[in-house]
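Undergrad: Could you put together the complete structure from these sequences and hints?
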Amino acid sequence: MINKQKILYFIYLHRTGLTVTGLSLTLLLYPLFENNPYTLGLTNLIAINAIVVLGLNLFIGYAGQISLGHAAFFGLGAYGSAIATVTFEIPPWPAMFIVATLVALVALLIGIPILRLSGHYLAMATLGLNFVVHTILLQWDEVTGGPSGFSGIPYLSFGDFQFDDETRLHYLLWGAALISLLLCLNLVRSGIGRGLSALAGDEVAAEALGVNTRNAKIKIFILSAVLASIAGSLFAHCYSFVSPDSFGIFTSTDMVIMVVIGGMGSIWGSLFGAALITLLPEWLDLFETYKDFVHGGILVLVLMFLPQGLVTGLIETIKVKLVLRRRKDAAT
Amino acid sequence: MTDFLQYLFSGLTSGAIYALIALGFCVVNNTMGIVNFVQVDFVSLGGMLMFSALFATGLPMIPGLLLAVTGVALVAMLVERFGLRPARSDNHLVLIFLTVGLSIILRGVIKLVWGKNRMALPPLTPDVPINIFGASILPQALWIILLTIIAIALLTWFFYRTSLGLSMRAVASNPTAAAVVGIPAGRIRLTSYAIAGALGGLAGVLVTPITTLNYDVGVLLGLKGFAAAILGGFGSFPGAILGGLGLGLLESLSAGYLSSAYKDVVAFVVLLLVLFIRPKGLLGK
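Line by line, the protein sequences give chains S and A. Counting from 1, one number per residue, gives the positions in the first sequence under the working numbering. Counting from 1, one number per residue, gives the positions in the second sequence under the working numbering.
Honestly, the hints are just simulated from the structure, not real lab data. Ideal Cβ positions, reconstructed from N, Cα and C, are used throughout, including at glycine. Treat each hint with caution, since some may be false.
[Claimed, not checked] Covered stretches of chain A, as calculated for chain S (at least 3 residues, CB under 8 Å):
#1 3 to 14
#2 92 to 102
#3 167 to 179
#4 196 to 209
#5 236 to 250
[To be verified] Some chain S residues flagged as far from chain A (calculated, every beta-carbon gap over 10 Å):
#6 L25
#7 L108
#8 R116
#9 L127
#10 T213
#11 G296
#12 G297
#13 L299
#14 V300
#15 P307
#16 K319
TA: Encoded structure:
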């Protein structure tokens, strides 16, 4: 092998690791070039959404299940952290951990009966769960503050170092997002991940091959709920204010749109989907009235023409084109 | 006792609305095997078209109602023809998310044409409460129950007496066999969407005088209709009617005797419990 081939092979072999390193470096240096707090605030929001979408993509894309209720776990995480730190005065970090554990328990208790259902029934059950959580957040105003929201949530801190401005939050949130990304990347390449993709392909076949489909589904449901809960806690500490509006069913559909745009079953696509859908309203500020068209239109067009998602779909299309051209060249 | 009667009637009224919407969900599910989330917006659209028919063109009540229902059915056919059919996908996940996208677009159109303001639609006949055994009922509630029964009767006649209806039932019970004997899939899908649209539109026309008229009034109603369809067993017509009435009664009784703030929660908790115990719904196969 000549040197050039060796280098190319090295890059190909370590493409995931290299991309992660490249992304981390870019994110590390990003605040040096961009110090507009508004822009940083937007990218921070992308990080929070990305954490939820990564978990949700494992559930939708890898386990092949439908969830229209992940905003419920997101909301439980956010309100859990808010109530734990303000009402019960627990320090933020342990509070986040306790809340994530509680959400995992909730997900387990709900997951066991819910995941016996499939397809439409599962969609309805998760939607119902989201609805119940949203109504409780809205109506139980002695605890949650009701429709006017919950304010005064403390910032996260290490000792005296407080995560209170956009640059510091950038490192905190993207740090968390990168950890989740690595977790998901490694998970889908492990035995459990392979079992899950088999499950998405054909549940009966996966079962015949010895995948414990029931357990696998519940585990991945809990994992995605915990990721959503952590993202919710970060959201609460980042804005120090939460209101029930952020956790309704429309948030859930937005999360699903992010998964679909990025590509069901594509980990990198999750980042892309989260970024695109978070930034879209900003770009479309000029024509506010047509926001719904663009939002729904993108979803419809992607599903019609690139059902594998925008990134995966485009790459596949280009690959096919290249192969066809090569074959044509070989023929002539 | 009077209270109970009052709750019973209001439960039956909202139950009838849920049943109409649930039937729309079932028709599409039976022929295409998907949850049609656009159903939610057919409800809002029905109310909006009725509003325009009454105030923009000045039609009387009954022609206005017919016009609104036909209008929604036409829009539903357009949605199927130009929104869903070009996808040519078999993946149910893709098709379901596609209906979510189409629903967002349709909601955008409604918002653009009729604006975001809340509007009021007059009831079919003037609001003079009728007294039945001490419980007072609005005439609109009686209209709702009457028209729901007529719609169900028409639907039954259509599915058991017309050749199009019979072929739709054939597709529902075995799509492959139906295709083999030459039943055109496209026409069936189009018809099922038209029926779903008409049912949703009728529900919208009937319910908006009681609630208010708004571009997203259908979302909550539609989701409850979906819940009703699931409760009765998705795809089963008697199940949809039973589920709708059950959900309506449950809601009004829990609002009356427990707490009105949590009436939606009670309905959904019961729905979840039913699904845990009987994952196929009450009358599901």
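Undergrad: Go through the numbered hints given earlier and state which of them the structure violates, listing their numbers in rising order.
TA: 1, 3, 4, 5, 8, 9, 11, 12, 13, 14 and 15
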